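Enquirer: Residues 1 to 179, numbered by full-length UniProt numbering, are exactly what the sequence shown covers, in order.
None of these hints come from the bench; they were simulated from the model. On a predicted model such as this, the values are computed, not experimentally measured, just so you know. Each residue gets a CB set at the ideal place from its N, CA and C atoms; glycine is no exception. Be aware that one or more of the hints could be misleading.
[As the list claims (entries may be wrong)] Calculated lysine-lysine pairs in the BS3-like style (CA-CA distance at most 25 Å, straight line):
id : residue 1 : residue 2
1  : LYS94     : LYS140
2  : LYS85     : LYS179
3  : LYS130    : LYS89
4  : LYS130    : LYS99
5  : LYS89     : LYS179
6  : LYS130    : LYS176
7  : LYS130    : LYS179
8  : LYS99     : LYS176
9  : LYS89     : LYS70
10 : LYS70     : LYS94
11 : LYS130    : LYS140
12 : LYS85     : LYS70
[Stated by the list, open to error] The calculated label-pair distances, taken between Cβ atoms and stated as ranges, are:
id : residue 1 : residue 2 : range
13 : ASN60     : LEU141    : 19 to 25 Å
14 : LYS140    : ARG78     : 30 to 36 Å
15 : ALA81     : ASN60     : 21 to 27 Å
16 : PRO129    : ILE64     : 16 to 22 Å
17 : GLU143    : SER105    : 23 to 29 Å
18 : PRO65     : LEU139    : 16 to 22 Å
19 : LYS85     : ALA137    : 29 to 35 Å
20 : ILE64     : VAL144    : 16 to 22 Å
21 : GLY106    : PRO65     : 27 to 33 Å
22 : GLY106    : LYS85     : 27 to 33 Å
23 : ASP131    : LYS99     : 18 to 24 Å
24 : VAL144    : ILE80     : 26 to 32 Å
25 : ALA81     : ALA134    : 34 to 40 Å
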Amino acid sequence: MREGQRCVRCGVAVLTAAIGCGKKASPTTGGSVQNAPAGEVPAPREVVAEPKQILKSPDNSPPIPVDTLKLINEYKDREIAADAKYRGKLVETKVDVRKTGRTESGEPYIGSVYGSDRPDPPIIYHVFPKDREAEVAALKLGEVVTIVGTCAGRVNDGKSRMVRGLEFHIRVDDCKVTK
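Start from the sequences and build out the full structure, keeping to the hints where you can.
Expert: Here it is in structure tokens:
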């Protein structure tokens, strides 16, 4: 492993290995393989992480209005069904702004919690593009806003939210405040 080879998302060291199959990639054929000379081991292929794509509703349908408590409970009780219903689709939620911050990659977010008076870590992270940071900064804690974004689904994070079964959060990407 070369020094400095790390996952661009989480920073974990990445080990790349080559399994010699007697073929190597041809630069002139767009990646198709050709036989390597006898005794020559093909060079390992370097894996480059794709840039994060912003999810869009596949059918350009309007946002699905969903109550945040309903969204939380659906992901808590029936994750597979909730993914089928919401993942990769635009959702519209009304949230009470309880926390704002930045993700590890620097994207601004609004965090909402389970119940209005609980000091728990956020259960829903509405993540905004970096160019909408001023929009997030202008919001006041306790303000109720409507947000539209693409549901990325459940993320198991192991954080205690003082409610059994809520060791996860729901991530909604490419958000914007609509009301």
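Enquirer: Next, verify each hint and record whether it holds.
Expert: Consistency of the hints with the structure:
no.: 1; hint: LYS94 / LYS140; verdict: holds, 15 Å
no.: 2; hint: LYS85 / LYS179; verdict: holds, 24 Å
no.: 3; hint: LYS130 / LYS89; verdict: holds, 21 Å
no.: 4; hint: LYS130 / LYS99; verdict: holds, 17 Å
no.: 5; hint: LYS89 / LYS179; verdict: holds, 19 Å
no.: 6; hint: LYS130 / LYS176; verdict: holds, 11 Å
no.: 7; hint: LYS130 / LYS179; verdict: holds, 20 Å
no.: 8; hint: LYS99 / LYS176; verdict: holds, 16 Å
no.: 9; hint: LYS89 / LYS70; verdict: holds, 16 Å
no.: 10; hint: LYS70 / LYS94; verdict: holds, 12 Å
no.: 11; hint: LYS130 / LYS140; verdict: holds, 19 Å
no.: 12; hint: LYS85 / LYS70; verdict: holds, 12 Å
no.: 13; hint: ASN60 / LEU141: 19 to 25 Å; verdict: violated, 34 Å
no.: 14; hint: LYS140 / ARG78: 30 to 36 Å; verdict: holds, 34 Å
no.: 15; hint: ALA81 / ASN60: 21 to 27 Å; verdict: holds, 23 Å
no.: 16; hint: PRO129 / ILE64: 16 to 22 Å; verdict: holds, 21 Å
no.: 17; hint: GLU143 / SER105: 23 to 29 Å; verdict: holds, 25 Å
no.: 18; hint: PRO65 / LEU139: 16 to 22 Å; verdict: holds, 20 Å
no.: 19; hint: LYS85 / ALA137: 29 to 35 Å; verdict: holds, 32 Å
no.: 20; hint: ILE64 / VAL144: 16 to 22 Å; verdict: holds, 19 Å
no.: 21; hint: GLY106 / PRO65: 27 to 33 Å; verdict: holds, 30 Å
no.: 22; hint: GLY106 / LYS85: 27 to 33 Å; verdict: holds, 30 Å
no.: 23; hint: ASP131 / LYS99: 18 to 24 Å; verdict: holds, 21 Å
no.: 24; hint: VAL144 / ILE80: 26 to 32 Å; verdict: holds, 31 Å
no.: 25; hint: ALA81 / ALA134: 34 to 40 Å; verdict: holds, 37 Å
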